[in-house]
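Participant: In order, the protein sequence lines correspond to chains V and R. My numbering puts the first residue of the first sequence at 355, with every later residue one more than the last. My numbering puts the first residue of the second sequence at 355, with every later residue one more than the last.
Check the hints yourself; a few may be wrong.
Dumping the calculated DSS-like pairs for lysine-lysine here, alpha-carbon to alpha-carbon at most 30 Å [to be verified]:
(1) LYS692/R to LYS441/R
(2) LYS537/V to LYS692/R
(3) LYS537/R to LYS537/V
(4) LYS540/V to LYS537/R
(5) LYS388/R to LYS540/V
Covered, in the sense of this in silico footprint (three residues per stretch, anywhere, with C-beta under 8 Å from a C-beta of chain R), are these stretches of chain V [unchecked claim]:
(6) 519-531
(7) 578-589
(8) 617-627
Non-contacting residues of chain V with respect to chain R, defined by C-beta distances greater than 10 Å in every case (computed) [stated by the list, open to error]:
(9) THR401
(10) THR402
(11) ARG506
(12) MET596
(13) PRO613
(14) GLY665
(15) LYS692
Derived by calculation from the structure, the hints in this document are not laboratory data. Since the model is a prediction, treat every value here as computed from it, not as a measurement. Just so you know, even glycine gets a beta-carbon here, dropped at the ideal spot from N, CA and C.
Number of protein chains: 2
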Amino acid sequence: MPSAMFDNVAIVGATGAVGREFIRLIEERGLRAKRFTLLASTRSMGTTVDVNGHPHEVRDLADASFEGIDIAFFSAGGGRSREFAPKAAAAGAVVIDNSSAFRMDPTVPLVVPEINPDDARNHQGIIANPNCSTIIMAVPVFPLHRVNRLRRIVVSTYQAASGAGLSAMQELEEQSRDVLAGKPPKPRAFPFPIAFNLFSHNSTIGDHGYNEEEIKMVRETRKIFHEPELAVTATCIRVPVMRAHSESINLTFADPMTPEAVREILSDAPGVRVVDERRPQHFPMPIEADGADDILVGRIRQDISQPDGCGIDLFVAGDQLRKGAALNGIQIAELLAKA
Amino acid sequence: MPSAMFDNVAIVGATGAVGREFIRLIEERGLRAKRFTLLASTRSMGTTVDVNGHPHEVRDLADASFEGIDIAFFSAGGGRSREFAPKAAAAGAVVIDNSSAFRMDPTVPLVVPEINPDDARNHQGIIANPNCSTIIMAVPVFPLHRVNRLRRIVVSTYQAASGAGLSAMQELEEQSRDVLAGKPPKPRAFPFPIAFNLFSHNSTIGDHGYNEEEIKMVRETRKIFHEPELAVTATCIRVPVMRAHSESINLTFADPMTPEAVREILSDAPGVRVVDERRPQHFPMPIEADGADDILVGRIRQDISQPDGCGIDLFVAGDQLRKGAALNGIQIAELLAKA
Numbered sequence: 355m356p357s358a359m360f361d362n363v364a365i366v367g368a369t370g371a372v373g374r375e376f377i378r379l380i381e382e383r384g385l386r387a388k389r390f391t392l393l394a395s396t397r398s399m400g401t402t403v404d405v406n407g408h409p410h411e412v413r414d415l416a417d418a419s420f421e422g423i424d425i426a427f428f429s430a431g432g433g434r435s436r437e438f439a440p441k442a443a444a445a446g447a448v449v450i451d452n453s454s455a456f457r458m459d460p461t462v463p464l465v466v467p468e469i470n471p472d473d474a475r476n477h478q479g480i481i482a483n484p485n486c487s488t489i490i491m492a493v494p495v496f497p498l499h500r501v502n503r504l505r506r507i508v509v510s511t512y513q514a515a516s517g518a519g520l521s522a523m524q525e526l527e528e529q530s531r532d533v534l535a536g537k538p539p540k541p542r543a544f545p546f547p548i549a550f551n552l553f554s555h556n557s558t559i560g561d562h563g564y565n566e567e568e569i570k571m572v573r574e575t576r577k578i579f580h581e582p583e584l585a586v587t588a589t590c591i592r593v594p595v596m597r598a599h600s601e602s603i604n605l606t607f608a609d610p611m612t613p614e615a616v617r618e619i620l621s622d623a624p625g626v627r628v629v630d631e632r633r634p635q636h637f638p639m640p641i642e643a644d645g646a647d648d649i650l651v652g653r654i655r656q657d658i659s660q661p662d663g664c665g666i667d668l669f670v671a672g673d674q675l676r677k678g679a680a681l682n683g684i685q686i687a688e689l690l691a692k693a
Numbered sequence: 355m356p357s358a359m360f361d362n363v364a365i366v367g368a369t370g371a372v373g374r375e376f377i378r379l380i381e382e383r384g385l386r387a388k389r390f391t392l393l394a395s396t397r398s399m400g401t402t403v404d405v406n407g408h409p410h411e412v413r414d415l416a417d418a419s420f421e422g423i424d425i426a427f428f429s430a431g432g433g434r435s436r437e438f439a440p441k442a443a444a445a446g447a448v449v450i451d452n453s454s455a456f457r458m459d460p461t462v463p464l465v466v467p468e469i470n471p472d473d474a475r476n477h478q479g480i481i482a483n484p485n486c487s488t489i490i491m492a493v494p495v496f497p498l499h500r501v502n503r504l505r506r507i508v509v510s511t512y513q514a515a516s517g518a519g520l521s522a523m524q525e526l527e528e529q530s531r532d533v534l535a536g537k538p539p540k541p542r543a544f545p546f547p548i549a550f551n552l553f554s555h556n557s558t559i560g561d562h563g564y565n566e567e568e569i570k571m572v573r574e575t576r577k578i579f580h581e582p583e584l585a586v587t588a589t590c591i592r593v594p595v596m597r598a599h600s601e602s603i604n605l606t607f608a609d610p611m612t613p614e615a616v617r618e619i620l621s622d623a624p625g626v627r628v629v630d631e632r633r634p635q636h637f638p639m640p641i642e643a644d645g646a647d648d649i650l651v652g653r654i655r656q657d658i659s660q661p662d663g664c665g666i667d668l669f670v671a672g673d674q675l676r677k678g679a680a681l682n683g684i685q686i687a688e689l690l691a692k693a
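Working from the sequences, and respecting the hints, build out all of it.
Facilitator: The structure is reproduced here in structure tokens:
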């Protein structure tokens, strides 16, 4: 387990679903710092959160100084990142930003440590953490692309409630109770009922008909892979699952690719666990991805709709809060500590 | 609403999820018969089921005679269809079989009334009702194929519990209660927990790596469309939803196809309802497909990964027990009554 040493590590959005996961992972992975500074919006003031067994008061982001902070994990929404991340960077911190605010900024590296660790070096104070669905697809797909260049990706997601925050996770639980009790579900965090239902990801839809989540999967994958022309289409769907995203991925390679080759490449790939047992039908599932660091990959098979042998189908699952968010951010900090 | 008149209509598997839906639809659509004969396996003996407000005793399939029965809706599993459907046909009944037993038999028509009604005429006593996921994809996709020939389909499903029967629907409910109460879910009907989870469809997997459900979607679509070479790849996933299947469908046409053309074709297509409002983000959802006769279609957009303009993405939802099973069977009977 790698261990990094910092002076003062800030967690911005410390009371949110991703902020809590950052703290859990700091403890689990032994990311050491002389001091931890927990920041959140005004409505979280007065809260106390333990880090390594010691209570830390959550302070107001609006009044915070970033002087002396060397790493700041931001997970408090795009608006707060846009306002406070440049201030933190100007004060000398390296911001690892989990929002979408800077991901497509050409001066900001967008990093998945298993894929493009070198990009992290060229930061100017801010490093962006990719979108959760993008990371969960990119980690198992990139090692294949490195061996046999990808021509096209068709992906459909099965996204957990956690991607919309703690309130959405609570809503899934409360609505499920209500429906089981014969009461109508009351949508608040989501625009539609999530209990025993599913719906198109509710980010804004552009004139092209794709929602922002889908466009993130297209553009961010291209940036991380350094493949600005890679053909990707995505359909993002929210499902009544707590915290692991699943994805059905159809790949077209430049040259023929066998399932055996895919299995061999992925069994050695970092951050990936092959779960592909056809007899007991043991494949990636949210309940097994939940809490795991690795992206689970299975249903590896030759796509019979591509008779040239260049097509592969996969099904993957990964913890949205861990590798999809906080773990990837912590790994970026570990990269910086090693550099 | 069409009304058909028969002498004696048998419902085989009358106490199952699809059997109950057959009875509901017979009542709703006014399918008239002088007599209804309800049959099921021995363990359902003693049950009484109402048809049009009149109680009917459920009789043992094993002892049943099919003499005098003109239409027999079979929904009691492939084994019972293989054993009893030929006997019923030999006794003069037309069997409308919801199992997979005869679907790929070249002497048995496989019929979706909106697509290939004429095939129903050439029966030899048995007409097969297609797989639910196949029907739900085929109904909205065929009208497009008729205008602009399909080259390839990539489909990922989000399948409801109902496809595995009443016990699976009860299991989703019971497991959800257990998980919410902090108890471990107990899988019985399904091999894995279904509450707040999802998993690869648990039908048998062949050497090619596809499960039977996926192969049904490939082969049955080809047979219904009369396109024996149509390229189709499918990934079938079970999700914690009660009775409507959803599907993310990526299409490649022979010629360029615009979303506007797709919307126009589908707004006139039988059995389809376009639900595609980008501003309120109102798209197909299981809770709205539930109980509906139409397949809901939305997220209609140009596939940006196909720069030749020949790609279209769709998201659909349809009631697995209605159009996915019983309604399609009733519509076949209505076709026969009209002929």
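Participant: Give a verdict on every hint.
Facilitator: Here is what the structure says about each hint:
1. LYS692/R to LYS441/R: Status holds; Cα separation ~25 Å.
2. LYS537/V to LYS692/R: 43 Å, violated
3. LYS537/R to LYS537/V: Roughly 22 Å between the alpha carbons, so the hint for LYS537/R and LYS537/V holds.
4. LYS540/V to LYS537/R: This hinted pair holds, its Cα atoms lying about 25 Å apart.
5. LYS388/R to LYS540/V: 46 Å, violated
6. 519-531: holds (count 4)
7. 578-589: holds (count 4)
8. 617-627: Not satisfied, violated; 0 residues make the cut.
9. THR401: Its Cβ never comes within 10 Å of chain R, the nearest being 25 Å, so this holds.
10. THR402: Holds, because the least Cβ-Cβ distance between THR402/V and chain R comes to about 26 Å, which exceeds 10 Å.
11. ARG506: Check fails; 5 Å does not lie beyond 10 Å.
12. MET596: 5 Å, violated
13. PRO613: Nearest chain R Cβ is 6 Å from PRO613/V, so the label is violated.
14. GLY665: 7 Å, violated
15. LYS692: The assertion about LYS692/V holds, with a minimum of 36 Å to chain R.
When the structure is compared with the earlier hints, violations turn up for hints 2, 5, 8, 11, 12, 13, 14 and for no others.
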